[in-house]
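From the two separate chains plus the hints, produce the assembled complex.
These protein sequence lines map, in sequence, to chains A and B. Our numbering applies: residue 1 is where the first sequence begins, and numbers increase by one. Our numbering applies: residue 1 is where the second sequence begins, and numbers increase by one.
Among the hints, erroneous ones may be present.
Dumping the calculated DMTMM-like pairs for lysine to aspartate or glutamate here, alpha-carbon to alpha-carbon at most 25 Å [stated by the list, open to error]: (1) A:K54 x A:E15; (2) A:K68 x A:D55; (3) A:K5 x B:E59; (4) A:K105 x B:D56; (5) A:K71 x A:E42; (6) A:K105 x B:E72; (7) B:K57 x A:D31; (8) A:K37 x B:E59; (9) B:K44 x A:D31.
Keep in mind the hints are simulated off the structure, nothing from the lab. Nothing here was measured: the structure is a model prediction, and the numbers come from that model.
Chain by chain, the residues:
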Amino acid sequence: DQQVKQNSPSLSVQEGRISILNCDYTNSMFDYFLWYKKYPAEGPTFLISISSIKDKNEDGRFTVFLNKSAKHLSLHIVPSQPGDSAVYFCAARVSGGSEKLVFGKGTKLTVNP
Amino acid sequence: NAGVTQTPKFRILKIGQSMTLQCTQDMNHNYMYWYRQDPGMGLKLIYYSVGAGITDKGEVPNGYNVSRSTTEDFPLRLELAAPSQTSVYFCASKGQLNTEAFFGQGTRLTVV
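Excised from the complex, chain B in its bound form (with noise of 0.2 Å):
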């Protein structure tokens, strides 16, 4: 049991340049959630989906794209990278009769 998975763990990307992270969870839970930390800042959502074909915004979505087209699935699509972008990103998944959301070990992406 894996748990969540996100891939890749680092990349850097120039201006412009776009990028899947990817995101798979083996729980099955309908749940997913992508969020992104900068330095010394809390976790912030980018983009949830309840389950699978549904997808909603978040706290801070612009500049992002997300898709749900299984229950596994989760990927996060940026579209033209910006600095503004560089962050540690998160996904989670959380099962409809659990509290807490689990997490994946994080990429890091660097925009230069």
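Isolated chain A (complex conformation) (with noise of 0.2 Å):
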């Protein structure tokens, strides 16, 4: 079963829009959530993390909002550039030790000029 869902597999904006991609989690042992960004042929990096203790955690244009209670998390990107057309994913830090990460399958953004 998937314990980190992406049910978005692509998304498309205007530059210069907000791009808002959504991950949904099972799991209440996870303590930290990430995003990475992938281009192709290339390995996943990391973009912005977020405690599950906190609500909000904002870098430039990358704000990453948290719902416990729904267990939902979001990406917010503003303003949105062609450079970011990239696929993203959301990823849940197991707690306890061995500190894996469990992946979304991604969802694929596009911006368009």
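Structure representation (structure tokens):
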């Protein structure tokens, strides 16, 4: 069963507008949530994270919101740029020693000029 | 500082052959991980290590083996390759004080 779900396989937005990528999780044993960005033929690169005890974290154009009661998080990109076009993976870190990451299936973001 | 380095970048194997995917990191990270990514899917954990000499199974370990004799290296061994092992393999490492894991560029493996 999928513990981390990204239900939108793709998203298309216009340059300058807001991109909102969503992620749901089912396991309450995650202590951190992370977003990774992946370009074709490259490895995932870390974008931003949020602790399970926070509800918002901001880094430049990127903001992650966490709603623990709904087991939902979202990544906001404002303003979106063509260079943001990539696959975005939501990941959750398992607490308790291994610090394994559990990944969603990813959302392909296309930012149109 | 090279980060996480994976070799080879591409490989074609015949069914039943064996190979080792190499992964090395120069960040002195304790934690290392092997993931595979199939088309349209997220990354699935194959094996992980929390330090030299310690390894454990992830979500999809069947058909693979690992070893961690040094902090830097975490090779992934495929015995008796099968078409189901066609995938892109990513190695990652994480330091004790890091929240995030750092990924290598990946190895694209095709089994024919």
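Outcome of the hint check:
Among the hinted pairs, K54 of chain A with E15 of chain A is inconsistent with the structure: their alpha-carbon atoms are about 29 Å apart, more than 25 Å. Proposed proximity of K68 of chain A and D55 of chain A is supported: the alpha carbons are some 8 Å apart, at most 25 Å. The suggested pairing of K5 of chain A with E59 of chain B holds, with an alpha-carbon distance near 16 Å, which does not exceed 25 Å. Straight-line distance between C-alpha atoms of K105 of chain A and D56 of chain B comes to about 23 Å, which keeps the hinted pair within the 25 Å bound.
The hinted pair formed by K71 of chain A and E42 of chain A fails the criterion: a straight-line CA distance of about 30 Å is larger than 25 Å. With a CA separation close to 29 Å, the supplied pair K105 of chain A and E72 of chain B exceeds the 25 Å bound. Proximity of K57 of chain B to D31 of chain A is assessed by CA-CA distance (about 21 Å); at most 25 Å being required, the pair is judged to hold. The straight-line distance between the Cα atoms of K37 of chain A and E59 of chain B is roughly 22 Å, inside the 25 Å bound, and the hint therefore holds.
A C-alpha spacing of about 19 Å is found between K44 of chain B and D31 of chain A, which places the hinted pair at or below 25 Å, so the restraint holds.
The structure shown violates the earlier hints numbered 1, 5, 6.
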